Structure formats: C-alpha cells, structure tokens
Amino acid sequence: MELRDLKYFEQVARLGHFGRAAEAVHRTQPAVSKSVQRLEAEFGTALFAREDGRLALTAAGQALMRHAQDILKSLDATRRDVTAVASGVAGHVRLGVSATAAEFLLPVLTERLLPAYPDITIEIELGMNDYLAGALTRRELDLVLAPYTQTAEACDFAQIAIDHVVVVASREHPLFRQPAIAMQDLQAYRWVLPSKSGATRKWLEQAFERRGLKRPVAQIESNAISLIPRLISSTTLLSFITRRNLHMEQLAKSVREIEMPETTMTREFGVLYRSERYIAPAVSSVLHIMLGK
5 MELRDLKYFE
15 QVARLGHFGR
25 AAEAVHRTQP
35 AVSKSVQRLE
45 AEFGTALFAR
55 EDGRLALTAA
65 GQALMRHAQD
75 ILKSLDATRR
85 DVTAVASGVA
95 GHVRLGVSAT
105 AAEFLLPVLT
115 ERLLPAYPDI
125 TIEIELGMND
135 YLAGALTRRE
145 LDLVLAPYTQ
155 TAEACDFAQI
165 AIDHVVVVAS
175 REHPLFRQPA
185 IAMQDLQAYR
195 WVLPSKSGAT
205 RKWLEQAFER
215 RGLKRPVAQI
225 ESNAISLIPR
235 LISSTTLLSF
245 ITRRNLHMEQ
255 LAKSVREIEM
265 PETTMTREFG
275 VLYRSERYIA
285 PAVSSVLHIM
295 LGK
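Residue numbers for the sequence shown, in my numbering: 5 to 297.
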C-alpha cells in the first residue's frame with residue numbers, strides 16, 4: 005500500500021467524484037482511478053459504490069477511510085515535527101545542572117527559553133560538577149550548566165558568569181566579636197562542607213594547606229547546598245558557599261561572610277558542551293539562549 009494511494013482515496017471519498025478528486029490532487033483522473041483500483045485489488049473488495057450519481061463508500065471503504073485519515077494526519081504531524089526539530093524550534097534537551105546553577109542561572113535560562121522555543125522540552129538532572137561532566141562525556145547529557153571543570157574530555161566551555169565562594173558563619177558567631185579574624189582562627193571551629201570530591205571543598209582544603217594549616221574538619225557533609233546556610237545559622241559551624249546566597253534577604257538576616265581574600269574562591273560559571281562538528285538543532289538553540297545570542 006502506498007501513501008499516495010491513500011491520499012487519492014481520501015480525496016475521492018470526500019468529494020464523491022474521480023474528476024474533482026483529480027483536480028484537488030493535481031493529477032489526471034485515470035491516475036486517481038488506478039490508485040483506487042490498486043487499493044481495491046489489495047483488499048479484495050470494492051471501496052466505492054455509485055449512489056444518485058456520486059461515489060459513496062462501501063462498508064469496507066468506510067473502515068479504510070477511518071484508518072486513512074488517521075494515517076494521513078499522523079504523516080502531516082510527523083512532517084511538522086521533523087521540520088521543527090531540524091530547524092531547532094522543537095526537540096528534547098538533556099541538561100545537567102549544578103546546585104548553585106540551578107538556583108541562580110536556571111531561572112534566567114527558562115525565562116528566556118520558553119517564549120523563544122515553547123516546543124523544546126528540557127530534562128534536568130542535578131548533580132556535582134565532576135559527575136555531570138562525566139555524564140556529558142558519556143553522552144548521557146547534552147549540555148551542562150555548572151562551574152568550569154577540567155575533568156570533561158573533548159568538551160568546550162563557554163563562560164556565562166563569575167562567581168565567588170566565601171567562608172560564612174552565623175551572625176552571632178564568636179569570631180565576629182574579635183577585632184580581626186585570621187585563617188588560623190577558623191581552625192577552632194568545625195564545618196558544614198560538600199563531599200570531598202567537590203571542587204569547592206578541594207579548593208578550600210588546598211588554601212589551608214598552602215599556608216601550613218590543617219584542613220578544615222567537616223562535622224557535616226552535604227551535597228544539598230541549599231541546606232548548608234540553614235545548618236549554620238544557629239550554630240558555631242562554618243561553611244563555604246557562593247556569595248550569591250548572601251543576597252537572599254532571609255539568609256542575610258542570619259548568616260554573614262567572613263571577609264578574607266585568602267579564603268575567597270573565584271570561579272567561572274558557564275555551559276559545557278561536547279566539541280563536535282554536529283550539534284543537534286534543539287541543543288544548539290538552547291546553547292544560543294544560554295550564551296545570550
């Protein structure tokens with residue numbers, strides 16, 4: 005069975021006349037008649053009968069008409085979908101996002117993306133930077149929105165923003181009663197920190213070691229970064245979080261930065277993507293939105 009034959013059959017059934025159907029599909033009447041004959045030969049039954057000077061569907065023809073309409077509608081939808089995907093206005097994108105990026109960059113991305121590409125769907129996976137970079141390399145993700153990492157092979161990075169990670173404590177912390185605070189003063193207290201594999205944890209530990217000091221001792225380890233400020237607000241625990249968190253009004257009331265250049269980490273936030281000649285259109289569209297193009 006050919007789709008062309010179904011299309012011609014559907015027109016004959018709708019118009020009840022071979023000649024008018026031929027005009028509608030821009031073919032000759034014999035060509036349309038032969039299409040119907042091929043279908044009748046394939047099904048072994050008549051699809052039309054003459055009634056009052058026009059063609060009417062037989063019971064078999066009515067059954068075929070229902071299926072033909074479904075098939076032709078599905079074909080039209082398929083054409084639209086494929087065209088949309090090929091042009092980048094539709095499709096599915098798997099996006100890996102770090103916790104900080106999810107809180108501060110993801111809302112901006114969705115605000116820009118949805119009006120421009122309402123038919124692109126996004127599947128979001130939250131995770132630590134190293135895990136997300138590995139998933140991108142393994143083709144489990146299409147893009148990663150996170151701080152810069154050197155662990156992703158055959159990938160490119162485009163910067164979107166600069167971020168600063170700082171030491172913080174409760175506003176009632178004893179350290180703030182001192183006239184000055186030095187790095188060695190921090191060693192008297194325990195910390196709430198992300199896992200040891202996290203880039204910020206590694207940077208902080210190295211900052212202490214470079215100055216001949218012991219690594220910070222984590223009393224609580226958590227990759228749920230949004231929980232950390234709440235855990236320290238009523239204790240003497242210290243933590244290491246993005247300065248962006250301190251711009252949140254509720255948090256600013258209970259948590260304060262311990263200002264110290266030696267413990268301030270500057271990092272690039274951006275989008276990580278595979279270094280390939282071909283990038284799927286929908287992925288390319290999301291990438292352009294991320295980069296503000």
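Please keep in mind that the hints were generated in silico from the structure rather than gathered at the bench.
Worth double-checking, as some hints may not be accurate.
[Claimed, not checked] Cβ pair distances, simulated, as ranges:
1) G216 to L255: 22 to 28 Å
2) E272 to T125: 27 to 33 Å
3) I185 to E213: 16 to 22 Å
[To be verified] Straight-line alpha carbon distances no greater than 30 Å define the calculated DSS-like cross-link-like pairs of lysine-lysine that follow:
4) K77 to K11
5) K11 to K38
6) K200 to K218
7) K257 to K206
8) K77 to K38
9) K218 to K206
All values reported here derive from a predicted model rather than from experimental measurement.
Quick reminder that beta carbons are idealized off the backbone N, C-alpha and C, glycines included.
Results for each hint:
1. Range check, G216 to L255: about 33 Å between beta-carbon atoms, so the 22 to 28 Å window is missed.
2. Distance hint check: the CB atoms of E272 and T125 are about 28 Å apart, consistent with the given range 27 to 33 Å.
3. Against the hinted window of 16 to 22 Å, the Cβ-Cβ separation of I185 and E213 comes to about 19 Å, which satisfies the hint.
4. Using a Cα cut-off of 30 Å, the hinted pair K77 and K11 holds, with the two alpha carbons roughly 11 Å apart.
5. Straight-line distance between C-alpha atoms of K11 and K38 comes to about 13 Å, which keeps the hinted pair within the 30 Å bound.
6. With a CA separation close to 15 Å, the supplied pair K200 and K218 stays within the 30 Å bound.
7. About 29 Å separates the Cα atoms of K257 and K206, which keeps this hinted pair within 30 Å; it holds.
8. For the hint linking K77 to K38, the alpha-carbon distance of about 23 Å falls within 30 Å, and the restraint holds.
9. For a cut-off of 30 Å, the pair hint linking K218 to K206 stands: about 13 Å separates their Cα positions.
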